[in-house]
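> Letter by letter, the chains look like this.
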Amino acid sequence: MLRYTLRRFLTMIPTLIAISVIVFVIIQLPPGDYLESHIATMQAQGESVDQKKIAFLREQYGLDQPMWKQYLTWATGFVQGDLGYSFEYDLPVTEVVGDRMFLTILISVVTIVFTWLIAFPIGIYSATHQYSWGDYGLTFIGFIGLATPNFLLALVMLYLANVYFGTSIGGLMDPEYIDQPWSTAKLLSVLEHLWIPVVVIGTSGTAAMIRRLRANLLDELEKQYVTTGRAKGLPPGKLLRKYPLRMALNFFVADIGNLLPGIISGAEVVAVVLSLPTTGPLLIASLQSQDMYLAGSFLMFLAILTVIGMLISDLLLAMLDPRIRLQGAPAK
Amino acid sequence: MSESKTPHYVSREPFDPYSVEKLTPAQEELYLASQWRLMWWKLKRHKLALVSGFVLALFYLVAAFAEWVAPYDLHTRNARFIHAPPQAIHLFHEGTFVGPFVYGYNYKLNMSTLKREFTVNHKNVQPLRFFCEGDPYRFWGLFESRFHLFCPSANAMKYERAGQTFSLSGQGGTIFLLGTDRLGRDLLSRIIYGSRISLTIGLVGIAVSFILGIVIGGLAGYFGGWIDAVVQRVIEVLRSFPEIPLWMALSAVLPVTWSPLLIFLGITVILAMLDWTGLARAVRSKLMALREEDYCTAAQLLGARPRRIIGRHLLPGFMSHLIASASLSIPGMILGETALSFLGLGLRPPITSWGVLLNEAQNINVVALYPWLMLPVVPVVIIILAFNFFGDGLRDAADPYKT
Chain A
7 MLRYTLRRFL TMIPTLIAIS VIVFVIIQLP PGDYLESHIA TMQAQGESVD QKKIAFLREQ
67 YGLDQPMWKQ YLTWATGFVQ GDLGYSFEYD LPVTEVVGDR MFLTILISVV TIVFTWLIAF
127 PIGIYSATHQ YSWGDYGLTF IGFIGLATPN FLLALVMLYL ANVYFGTSIG GLMDPEYIDQ
187 PWSTAKLLSV LEHLWIPVVV IGTSGTAAMI RRLRANLLDE LEKQYVTTGR AKGLPPGKLL
247 RKYPLRMALN FFVADIGNLL PGIISGAEVV AVVLSLPTTG PLLIASLQSQ DMYLAGSFLM
307 FLAILTVIGM LISDLLLAML DPRIRLQGAP AK
Chain B
104 MSESKTPHYV SREPFDPYSV EKLTPAQEEL YLASQWRLMW WKLKRHKLAL VSGFVLALFY
164 LVAAFAEWVA PYDLHTRNAR FIHAPPQAIH LFHEGTFVGP FVYGYNYKLN MSTLKREFTV
224 NHKNVQPLRF FCEGDPYRFW GLFESRFHLF CPSANAMKYE RAGQTFSLSG QGGTIFLLGT
284 DRLGRDLLSR IIYGSRISLT IGLVGIAVSF ILGIVIGGLA GYFGGWIDAV VQRVIEVLRS
344 FPEIPLWMAL SAVLPVTWSP LLIFLGITVI LAMLDWTGLA RAVRSKLMAL REEDYCTAAQ
404 LLGARPRRII GRHLLPGFMS HLIASASLSI PGMILGETAL SFLGLGLRPP ITSWGVLLNE
464 AQNINVVALY PWLMLPVVPV VIIILAFNFF GDGLRDAADP YKT
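Residue numbers (my numbering), protein chains in the order written: chain A, 7 to 338; chain B, 104 to 506.
No lab work stands behind these hints: they were computed from the structure.
Check each hint, because a few of them may be wrong.
[Stated by the list, open to error] One side only, chain A facing chain B, incomplete, derived with CB under 8 Å:
| # | residue |
| --- | --- |
| 1 | M7 |
| 2 | L8 |
| 3 | L12 |
| 4 | L16 |
| 5 | I19 |
| 6 | I25 |
| 7 | V31 |
| 8 | L164 |
| 9 | V232 |
| 10 | P267 |
| 11 | S271 |
| 12 | A301 |
| 13 | A309 |
[What the hints assert, rightly or not] Going by beta-carbon spacing under 8 Å, a handful of chain A positions derived as facing chain B:
| # | residue |
| --- | --- |
| 14 | L144 |
| 15 | I147 |
| 16 | F149 |
| 17 | Y170 |
| 18 | M316 |
| 19 | L317 |
| 20 | L321 |
Using N, Cα and C, we set each Cβ at its ideal position, and we do this for glycine too.
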């Protein structure tokens, strides 16, 4: 297990390096840089630009240096916790990011748990009652969830929550708690607002997961050991719990890797609609204003989050399934 | 007579050594049918897929003849009908059959709330016209026409306010089956025109990612070795990116100065750039399995080049499978475009897609005041469901030899 864990950790490193290169290239792609456009707008408005500060920033982040050098500066800084400087907010990126990363992670984790709680029983029911009305009905609802664009669902839910429960519109907490230290009341307020994004982001993932779980469990149920167990006279519930379900569980854990990118994607869009204080709205704004270090940090964080999620799922899988940890490769 | 038969009966009929293997005509048809024929038979049994296929065909037909089906032009503004709610089609007016018609609207600007208030005027009957002349358009940009499937009533619309009677010249009545937007443009017409972009973006995107997937996956699967290792790593990296943030980043790169058409192409390519990985993986694993087959070795020994072996001998073996899985990834692209345009990062007006239309519904006020502006989501949901069911059916049918 230790060897497997180590190896899995080592393979993460080149992946992360490659991701950082891609992120860097993307944030560099737009022509010009933030300082140039900033100077242009300032001059257009007839204001003077603090040349010293510009020159300082230019030097600090090496904007006049060749690409690869800029990349190295950025990447090494990133590893040491220096995320660069947000031009737009005139603050180091770490301070802008602040709580937002935490809230993004919170929403993602809660959404995954929600997805599991919903998908697991429904998936089992659908597989054991294949082609029943319940199966058809649940599959259909799942499909609707898959096909409805998240953002619109978010909008409607927001409206309904406001009309029927009086939840304040937008944000992840009532306005009076913003910038307050964490307290029980604040936590409750967050919980009150949290369920909308969680349900909205969860819908599409849940539907996909139900379908995959159903297909997997159906495959397992056809196998001969199940027939043997049944012939032996095992009660159906025990038969299901003892063998096929455990096999399907493996896949369930492995599926985090598939689920996570989707959830983070969904979370970003939904966050914009609900104006949640997560990474979504800021990411868009920073992309549009070419605030490259801020955008880069967000992209990098989201990618790292996904990679770590996949790592956890692989490690859990290795714990569950001895074949994987002995062979040292994930069974795909 | 039966007594004359000995217990050891011998048939006098000529011996046919193949009698056991003889096929009934039905069986013969089944065994000799080509793969595509078998697929069609199997698909026919999948009712839901068939219905979905029909729905898809219908949508694409409407998209092709958008100018003709839509009652109004894409940009026709009705300044008097801003944010008008949908008009319902009625058949009976005060108990007598009139045929399909709509009631006209009375319009009043509420001076205290500044809200435009439309009330249905049950006196004003506006029968629909079919196969009629309406807004002029250039069909496919080729020739002028005014011909529409249905148009609003031609009677000059009576418009009463404070004892005065206004009549709108030209158009006559109105037909806003799905209401109008903030410029008084008919939503139904805009949805119909928008289907052109929304429906093709998935197809063009899938075509790009299909080519990428086959070429890259083909190389990796056929040659193996370091090419395979590199491709595998690249795929892994791309897959570990959350899709939408990466799409957002890439589409923010597209310069604002580009023409709408270039933006459209750019977005499609961006959508395809992340999508090919799944196809490439499928191609690779299939090729890995197939290249060990005897017929492949035979082709190699005969001196066929890799391109010919891959294209001629290997690909046809699982093309059907690829098409099926490609059709399953179209909905993702359509949703992706919708989400991007909704956020204002994708297509921009004057290009009209369902996502661009939904962009107007970004505000919570819309849900409260003008809920019909969210209607473009209905075709999105329908088309995505249809592609999903159709793709499922295709995938089942793609393996016709497996029962």
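> If a hint holds in the structure, say so; if it doesn't, say that too.
Now the hints, each set against the structure:
1. Nearest Cβ of chain B to the Cβ of A:M7: about 22 Å, over the 8 Å cut. The hint is violated.
2. Annotation: interface hint on A:L8 violated; nearest CB of chain B at approximately 23 Å, more than 8 Å.
3. This hint is violated: A:L12 has a C-beta 19 Å from the nearest C-beta of chain B, more than the 8 Å allowed.
4. Residue-level restraint check for A:L16 is violated (minimum Cβ-Cβ distance to chain B is 14 Å; threshold 8 Å).
5. Against a cut-off of 8 Å between C-beta atoms, the interface hint on A:I19 is violated, since the closest Cβ of chain B lies about 12 Å away.
6. Checking A:I25 against chain B: minimum C-beta separation of about 6 Å stays under 8 Å; hint holds.
7. Nearest Cβ of chain B to the Cβ of A:V31: about 10 Å, over the 8 Å cut. The hint is violated.
8. Because the smallest distance between the Cβ of A:L164 and any Cβ of chain B comes to about 6 Å, under 8 Å, the interface hint for this residue holds.
9. For the restraint placing A:V232 at the interface with chain B, the shortest Cβ-Cβ distance is roughly 21 Å, beyond the 8 Å limit, so the hint is violated.
10. Hint status for A:P267 relative to chain B: holds, with the closest Cβ pair at about 4 Å, below 8 Å.
11. For A:S271, the suggested interface contact is upheld, since its CB lies about 4 Å from the closest CB of chain B, less than 8 Å.
12. Taken as an interface hint, A:A301 checks out: its beta carbon lies about 7 Å from the nearest beta carbon of chain B, inside 8 Å.
13. With its C-beta approaching chain B no nearer than about 5 Å, A:A309 sits inside the 8 Å limit, and its interface hint holds.
14. A hinted interface residue such as A:L144 counts as satisfied when its beta carbon comes closer than 8 Å to some beta carbon of chain B; here the least separation is about 15 Å, so the hint is violated.
15. At about 12 Å, the closest approach between the beta carbon of A:I147 and any beta carbon in chain B exceeds 8 Å, and the interface hint on this residue is violated.
16. Taking 8 Å as the C-beta contact cut-off toward chain B, the hint placing A:F149 at the interface holds, the least distance being around 6 Å.
17. Violation of the interface hint for A:Y170 is found here, the shortest Cβ-Cβ separation to chain B being roughly 13 Å, above the 8 Å cut-off.
18. Of the supplied interface hints, the one on A:M316 holds, with its beta-carbon coming within about 6 Å of a beta-carbon of chain B, less than 8 Å.
19. Look at A:L317: its Cβ only gets to about 10 Å from chain B, farther than 8 Å, so that hint breaks.
20. Interface restraint check for A:L321: the shortest CB-CB distance to chain B comes to about 16 Å, outside 8 Å, so the restraint is violated.
Violation of the numbered hints given earlier is confined to hints 1, 2, 3, 4, 5, 7, 9, 14, 15, 17, 19, 20; the remaining hints are satisfied by the structure.
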